[in-house]
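S.K.: What follows is each chain in one-letter form.
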Amino acid sequence: MRTPRGGLFTVGAMRVIRCEGLTKRYGSTVAVDGLDLAVDAGQVFGFLGPNGSGKTTTMRMLLGLIAPTAGRAWVNERRLPDPDGLSRVGAMIEEPAFYPWMTGRRNLKVLALHGPPPARPDAVGAALERVGLSAVAGRKVKAYSQGMRQRLGLAAALLRDPALLVLDEPTNGMDPAGIREFRALLRALADDGMTVFVSSHLLAEVEQVCDRVAVMNRGRLVEQGRVAGLAAARQRVRVVLDAADRDAARGLLAGRPVRTDGPRTLLVEGADGREINAILGRAGVWARQIRVEHPGLEEAFLRLTVTEEETDATAPR
Amino acid sequence: MRLLRAELRKLDRPLLYGVTFASALFCVLLAVTGASNARQGAQEAVPIPSCATMGVQEGPPCTAAQKRMRVRITVLRMRHLAIATHTAAQLNPAAAGAETAGLMASLPGVLALSLLAGGHIGGEWSGRTLKSVLTACGHRWRVLAAKLVSLWLAGAALIGACWAALAVAGPVLVRAYRLPDPHETVAEAVRWSGAQAGRALLVLAVFSAVSLLAAVVTRSTIGTTATTAGTFIVMLALAALPGTGRWTPATWVQGWMGFAAGQGSITALPDNFWSRFITAGGAEPGRLFGLTGLAATFLACATVAVVLFRSADVT
Numbered sequence: 001m002r003t004p005r006g007g008l009f010t011v012g013a014m015r016v017i018r019c020e021g022l023t024k025r026y027g028s029t030v031a032v033d034g035l036d037l038a039v040d041a042g043q044v045f046g047f048l049g050p051n052g053s054g055k056t057t058t059m060r061m062l063l064g065l066i067a068p069t070a071g072r073a074w075v076n077e078r079r080l081p082d083p084d085g086l087s088r089v090g091a092m093i094e095e096p097a098f099y100p101w102m103t104g105r106r107n108l109k110v111l112a113l114h115g116p117p118p119a120r121p122d123a124v125g126a127a128l129e130r131v132g133l134s135a136v137a138g139r140k141v142k143a144y145s146q147g148m149r150q151r152l153g154l155a156a157a158l159l160r161d162p163a164l165l166v167l168d169e170p171t172n173g174m175d176p177a178g179i180r181e182f183r184a185l186l187r188a189l190a191d192d193g194m195t196v197f198v199s200s201h202l203l204a205e206v207e208q209v210c211d212r213v214a215v216m217n218r219g220r221l222v223e224q225g226r227v228a229g230l231a232a233a234r235q236r237v238r239v240v241l242d243a244a245d246r247d248a249a250r251g252l253l254a255g256r257p258v259r260t261d262g263p264r265t266l267l268v269e270g271a272d273g274r275e276i277n278a279i280l281g282r283a284g285v286w287a288r289q290i291r292v293e294h295p296g297l298e299e300a301f302l303r304l305t306v307t308e309e310e311t312d313a314t315a316p317r
Numbered sequence: 318m319r320l321l322r323a324e325l326r327k328l329d330r331p332l333l334y335g336v337t338f339a340s341a342l343f344c345v346l347l348a349v350t351g352a353s354n355a356r357q358g359a360q361e362a363v364p365i366p367s368c369a370t371m372g373v374q375e376g377p378p379c380t381a382a383q384k385r386m387r388v389r390i391t392v393l394r395m396r397h398l399a400i401a402t403h404t405a406a407q408l409n410p411a412a413a414g415a416e417t418a419g420l421m422a423s424l425p426g427v428l429a430l431s432l433l434a435g436g437h438i439g440g441e442w443s444g445r446t447l448k449s450v451l452t453a454c455g456h457r458w459r460v461l462a463a464k465l466v467s468l469w470l471a472g473a474a475l476i477g478a479c480w481a482a483l484a485v486a487g488p489v490l491v492r493a494y495r496l497p498d499p500h501e502t503v504a505e506a507v508r509w510s511g512a513q514a515g516r517a518l519l520v521l522a523v524f525s526a527v528s529l530l531a532a533v534v535t536r537s538t539i540g541t542t543a544t545t546a547g548t549f550i551v552m553l554a555l556a557a558l559p560g561t562g563r564w565t566p567a568t569w570v571q572g573w574m575g576f577a578a579g580q581g582s583i584t585a586l587p588d589n590f591w592s593r594f595i596t597a598g599g600a601e602p603g604r605l606f607g608l609t610g611l612a613a614t615f616l617a618c619a620t621v622a623v624v625l626f627r628s629a630d631v632t
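Taken in sequence, the protein lines are chains F and E. Position 287 (the first sequence) corresponds to 287 in this note's numbering; numbering is contiguous. If you want this note's numbering, it's the position in the second sequence, counting the first as 1, plus 317.
Keep in mind that the hints were calculated from the coordinates and are not lab data. Hints may be right or wrong, so weigh each one.
Distance windows between CB atoms, simulated [as the list claims (entries may be wrong)]:
id: 1; chain 1: F; residue 1: 138; chain 2: E; residue 2: 322; range: 52 to 58 Å
id: 2; chain 1: E; residue 1: 343; chain 2: F; residue 2: 175; range: 57 to 63 Å
id: 3; chain 1: F; residue 1: 251; chain 2: E; residue 2: 628; range: 23 to 29 Å
id: 4; chain 1: E; residue 1: 515; chain 2: F; residue 2: 34; range: 33 to 39 Å
id: 5; chain 1: E; residue 1: 444; chain 2: F; residue 2: 292; range: 48 to 54 Å
id: 6; chain 1: F; residue 1: 146; chain 2: E; residue 2: 508; range: 22 to 28 Å
id: 7; chain 1: F; residue 1: 146; chain 2: E; residue 2: 543; range: 14 to 20 Å
id: 8; chain 1: E; residue 1: 632; chain 2: F; residue 2: 175; range: 35 to 41 Å
id: 9; chain 1: E; residue 1: 547; chain 2: F; residue 2: 175; range: 43 to 49 Å
id: 10; chain 1: F; residue 1: 138; chain 2: E; residue 2: 343; range: 33 to 39 Å
id: 11; chain 1: E; residue 1: 605; chain 2: F; residue 2: 146; range: 28 to 34 Å
id: 12; chain 1: F; residue 1: 225; chain 2: E; residue 2: 628; range: 33 to 39 Å
id: 13; chain 1: F; residue 1: 244; chain 2: E; residue 2: 630; range: 56 to 62 Å
To spell it out: a stretch of chain F is covered by chain E in this simulated footprint if at least three of its residues, at any positions, have a beta carbon under 8 Å from a beta carbon of chain E; those stretches are [as the list claims (entries may be wrong)]:
id: 14; region: 81-87
id: 15; region: 110-117
id: 16; region: 270-277
To give a feel for the contact side, a few chain E residues facing chain F, derived at Cβ under 7 Å [as the list claims (entries may be wrong)]:
id: 17; residue: 368
id: 18; residue: 444
id: 19; residue: 448
id: 20; residue: 604
id: 21; residue: 605
Note that beta-carbon positions come from the ideal geometry of N, C-alpha and C, so glycine has one too.
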């Protein structure tokens, strides 16, 4: 089922991934804490979060590699755990691993024998072609660079023309040209109707290629929505004043998410420029400059995932 | 069957060829030593000692003593000749299957399968390839079953390779060391080899199941190899204890394969490296007892491995 690019949840659209209260605990450590998530078909869905936020653990639970401690999850509308539900899922979790004594092509042939046979007779050749590895497919994997292994991992994930592609940090080790090709490939796959669920640290890449994102922090989902919406909703107002007026202005804006950015600047998160201007003007505090900023996904991500203590510690006074 | 094909393709690797070569070389070197031992025994000329050597006065007492010594030496020579004949029979190309089956169903087989299991099963964890396998096939028990069967087939292939090596080397050694003709018919030799090789297949299945369980528990190459080998060494040590001997898989292997107990298993060309570690005291377990015990061990190990693996997190 195809969903228009960048579309919001479509009425009746197939939920390729659905999680309800998904939780994973390791002893007293909570890796994933009550995750509620929905991914519609045909989207490129970015799954973001700092290291240790629970992204890979969530992906592993969705792929049946680890069992959730609590909660429920569905993949391709099949309740997990369901071994047959994986037949239409392609995955690459962390750095892909292969049998080093085999060639790239032979590795894919062996992996193709696990699970149902691929629909196309030359699925291995087609997957290698798609990721640009045909020329080196006859080389042993132990001689591959990390970027080539990443590509081979992607080829392995694409072997069965899956409805859902789960990719964990897929561009690790790729050169800039490779990353660019990869971005184009993800878009092409989504345009073909494939749903891509991808985690990445490269936020600029995610911003360019993803329709929707979810942000995890310390095992919890802290934000979920369209990429553009996430950045826009988090717009901020930069207020430049005389240094003598800064503390007075800060007092007037008390109760709002305001922080200092140098001796003459205040940043007010999620605010409206006219409103800030009016508040300060009514009190006779005149700003030298008021500017609305749309900080983009990276700023939004940092704001969502960096704790208040860390903000206080790093923010310039 | 697709999974089994995948596992067999994974076994097409330097590790398998290295282990096969080492096993075949071991069998051939053992046969060389065995043939040499047999020849030395058969050739050894023991002179009748003189009266002075025996410390007996010359005359009728010495003649009687020398007569007794002659009988003793004749018996010894006949025994050495029988050993040489038996060694020649073991090295018959058709009968060499029994020799290799015995070796593969004992410690050399344990070591060979431990190494293979370490790479083939434990290596899926160490090499982090297991997650690729399980994301392609979520039926974990099928993955384990394919691993088990492929390892067992590799063990069977080892018997075949070693048999082939001995079949080539055996006649050369018999001729080189001028061992006596055993007058063994091909049918007899094939029957003996077939029976021992068939029995060894069950023992290899047990070795494979123990390896599988070791891999699931230790989740590493070295852990699998060390735990499998260590398990059987501990079993052999337990088998030597008076109270537990009858109830260990080591004793069941001995009973099922029909290995002679204790020192009885040490011959010019040993047909196993197993029962020499088990004392001959007490009643030997019969074939049926051995079969029952080994079948139970196989089922228990395979079942526990599947149960553990189905609920294990793969990271």
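S.K.: Would you mind marking each hint as holding or not holding in the structure?
M.R.: Checked hints:
1. At about 21 Å, the beta-carbon gap between residue 138 of chain F and residue 322 of chain E misses the expected band of 52 to 58 Å.
2. For the pair residue 343 of chain E and residue 175 of chain F, the beta carbons lie near 49 Å from each other, so the given range of 57 to 63 Å is not met.
3. Between residue 251 of chain F and residue 628 of chain E the Cβ separation comes to about 59 Å, which falls outside the hinted range of 23 to 29 Å.
4. A beta carbon spacing of about 57 Å between residue 515 of chain E and residue 34 of chain F contradicts the range 33 to 39 Å that was offered as a hint.
5. Restraint check, residue 444 of chain E to residue 292 of chain F: a C-beta distance of roughly 53 Å satisfies the suggested window 48 to 54 Å.
6. For residue 146 of chain F and residue 508 of chain E, the Cβ-Cβ distance of about 58 Å falls outside the hinted range of 22 to 28 Å, so the restraint is violated.
7. For the pair residue 146 of chain F and residue 543 of chain E, the beta carbons lie near 31 Å from each other, so the given range of 14 to 20 Å is not met.
8. Evaluation of the 35 to 41 Å hint for residue 632 of chain E and residue 175 of chain F yields a failure: the beta carbon distance comes to about 28 Å.
9. Between residue 547 of chain E and residue 175 of chain F the beta carbon distance is about 46 Å. The supplied range of 43 to 49 Å therefore holds.
10. For the hinted restraint 33 to 39 Å between residue 138 of chain F and residue 343 of chain E, the CB-CB distance of approximately 35 Å keeps it satisfied.
11. Between residue 605 of chain E and residue 146 of chain F the beta carbons are some 57 Å apart, a value that contradicts the proposed interval 28 to 34 Å.
12. Our hint of 33 to 39 Å for residue 225 of chain F and residue 628 of chain E holds, since their Cβ atoms are close to 36 Å apart.
13. Distance hint check: the CB atoms of residue 244 of chain F and residue 630 of chain E are about 60 Å apart, consistent with the given range 56 to 62 Å.
14. For a cut-off of 8 Å, the count of residues in the region 81-87 of chain F with a CB near a CB of chain E stands at 6, and the three-residue condition holds.
15. With a threshold of 8 Å between beta carbons, the proposed coverage of the region 110-117 of chain F by chain E holds, since 6 of its residues qualify and at least three are required.
16. Counting residues of the region 270-277 of chain F whose CB lies closer than 8 Å to any CB of chain E gives 0, so the stated coverage by that chain is violated, three being the minimum.
17. Given the 7 Å rule on beta carbons, the hint for residue 368 of chain E is violated: about 72 Å separates it from the nearest Cβ of chain F.
18. With a cut of 7 Å, the hint placing residue 444 of chain E at the interface with chain F holds, because the nearest CB-to-CB distance is about 6 Å.
19. Residue-level restraint check for residue 448 of chain E holds (minimum Cβ-Cβ distance to chain F is 6 Å; threshold 7 Å).
20. Interface hint status for residue 604 of chain E: violated, as the beta-carbon distance to the closest one in chain F is roughly 39 Å, over 7 Å.
21. Using the Cβ-Cβ criterion of 7 Å, the hint placing residue 605 of chain E at the interface with chain F is not satisfied: the shortest such distance is roughly 39 Å.
In terms of the numbered hints stated before, the structure departs from hints 1, 2, 3, 4, 6, 7, 8, 11, 16, 17, 20 and 21, listed from lowest to highest.
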